[in-house]
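Asks: Below are the chains, spelled out letter by letter.
2 protein chains.
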Amino acid sequence: MHSFTEENYLKAIYKLQETNGEVVATSALAQVMGVHAPSVTDMLKRMSGKKLVTYQKSKGFKLTEKGKQVAVGIIRNHRLWEVFLVDKLGYKWDEVHDLAEQLEHIHSEDLTNKLDKFLGFPKADPHGDPIPDANGVLPKSKAVLLSTLKIEEQGTFTGVTDHTPAFLNYLDKAGISLGNTVKVKAIEEFDQTYTILVNRKKEAVISFKVANSLLMD
Amino acid sequence: MHSFTEENYLKAIYKLQETNGEVVATSALAQVMGVHAPSVTDMLKRMSGKKLVTYQKSKGFKLTEKGKQVAVGIIRNHRLWEVFLVDKLGYKWDEVHDLAEQLEHIHSEDLTNKLDKFLGFPKADPHGDPIPDANGVLPKSKAVLLSTLKIEEQGTFTGVTDHTPAFLNYLDKAGISLGNTVKVKAIEEFDQTYTILVNRKKEAVISFKVANSLLMD
DNA sequence: TACATTAATTAGACTAACCTAATTATATTT
DNA sequence: AAATATAATTAGGTTAGTCTAATTAATGTA
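Chains as they are written, first to last, in the working numbering: chain V, -5 to 211; chain X, -5 to 211.
By construction, these hints were calculated from the structure, which means they are not laboratory data.
Please read all numbers here as calculations on a predicted model, not as lab measurements.
Errors might be hidden in some of the hints.
For identical chains, the list gives no copy identity; a pair is met inside one copy or between any two copies.
Capping the alpha-carbon separation at 30 angstroms, the derived lysine-lysine pairs in DSSO-like fashion look like this [as the list claims (entries may be wrong)]:
no.	residue 1	residue 2
1	Lys111	Lys53
2	Lys62	Lys179
3	Lys196	Lys9
4	Lys82	Lys117
5	Lys179	Lys144
6	Lys62	Lys177
7	Lys53	Lys167
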């Protein structure tokens, strides 16, 4: 089995590869892991010994197929537990991340699959992030940022790119929830403020920063 | 926060104190923890520094009030998760121990309490072991071993003292379940084999070893 | 291309939790 | 009470994961 630390490295590398391209830098990983660079070098050597990453000194590194599988498994756990916490225990979507960070490291494929079934095989977690299936297949979403839409275009709000409680709370306050229909009514040229129509009823004004963190199908 | 290892030591010490009296020996703890004696001495020094145990060299040791509270908290977690696994996910009572050993270390009082509520505030886990309440109060049961009952005496089967899957499986096969009424029909003098009547219907013959592992109210 | 800046690695140390081998303390037996 | 057996501790070592300080490699710019 892998240690929690290893698993957290794998998850972090996976996410960095997803957003910043195939090859990851020591410093980038150090930053997201909250450790100093030499610790990363050290850890990578061990992990490359276990064939979880390919690593050649000073050239960056990336996950092996094996490493990727472990990472996706953890992401599956994480997102299923988030659904459990929200749907079954009544947590709010901005409260579940830290708990899921603990629960994701429970080692049992069988438990994961039973949990999946208990939850009704959900497709996405409470933030709209897709849940990998039991084979580690993660559906590639074709969602786009609200900030790429033009005036009079519309879509369904299906995810966020900013998962901070502060942002999620803001959305709650603004009355914008997953599944809502959103139509762009106007874009202020000066500062790219968006005026949107939520669910064909409420009008709302949101900053570019917000529009740039909402995913639309 | 405490490490998983510390928590496991605390739990083990708690259980040893419960069964073998107030003061615990290094060797006993080493045995249940599956480590060698010097590791225990080592760990105890650290834990006594944190005021989790009182320790004076070569004299044995016991939990402080603080240590006891942590231990009971973990037992509460463990037993609640066991109920979850059996009641909600469909696990059998002989399958849940190892998973609960992982889940018990999730650190969140709030999660524990929400889980408790979700499960309907159960009083006991799937093996009949009582669940401490949110204040760490563990109801003192007055259950007795079936092996202490005389002929024609009866009671309700409410717990086991042997938690091994082998034993639990045996009970399943023998058709003896928690909550059943059990009456002693005969005790063979030669080898203390018990003939019992389960739920006023089925008769069964059980060894002394079995009779000595069943708790009756 | 040489120089400066930034990024990565090596060297050497620390802590928690473990180990084995050697030693000391306690308990038991004669 | 002395001798023996058992239990506990100390001494010294290991590994995973971290650190700081020093060094080397890669990158960007004059």
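Asks: Confirm or reject each hint.
Replies: Against the structure, the hints come out as follows:
1. For the homomeric pair Lys111 and Lys53, neither the shortest alpha-carbon distance inside one copy (43 angstroms) nor that between copies (52 angstroms) is at most 30 angstroms.
2. Taking identical chains as interchangeable, the C-alpha atoms of Lys62 and Lys179 are never at most 30 angstroms apart, the minima being 42 angstroms within one chain and 61 angstroms between chains.
3. For the identical chains of this complex, Lys196 and Lys9 are neighbours neither inside a copy (35 angstroms) nor across copies (59 angstroms), given an alpha-carbon limit of 30 angstroms.
4. For a Cα distance limit of 30 angstroms, the shortest separation of Lys82 from Lys117 qualifies both inside one copy, at 16 angstroms, and across copies, at 20 angstroms.
5. When the C-alpha separation of Lys179 and Lys144 is checked against a cutoff of 30 angstroms, the pair qualifies only within one copy, where the shortest distance is 9 angstroms, while the shortest distance between copies is 84 angstroms.
6. Taking CA atoms no more than 30 angstroms apart as the test, Lys62 paired with Lys177 passes in neither setting, with 37 angstroms inside one copy and 58 angstroms between copies.
7. Taking the closest pair of Cα atoms, Lys53 and Lys167 never come within 30 angstroms of each other, the shortest separation being 45 angstroms inside a single copy and 60 angstroms across copies.
In summary, the structure is inconsistent with hints 1, 2, 3, 6, 7 from the numbered list given earlier, while agreeing with the others.
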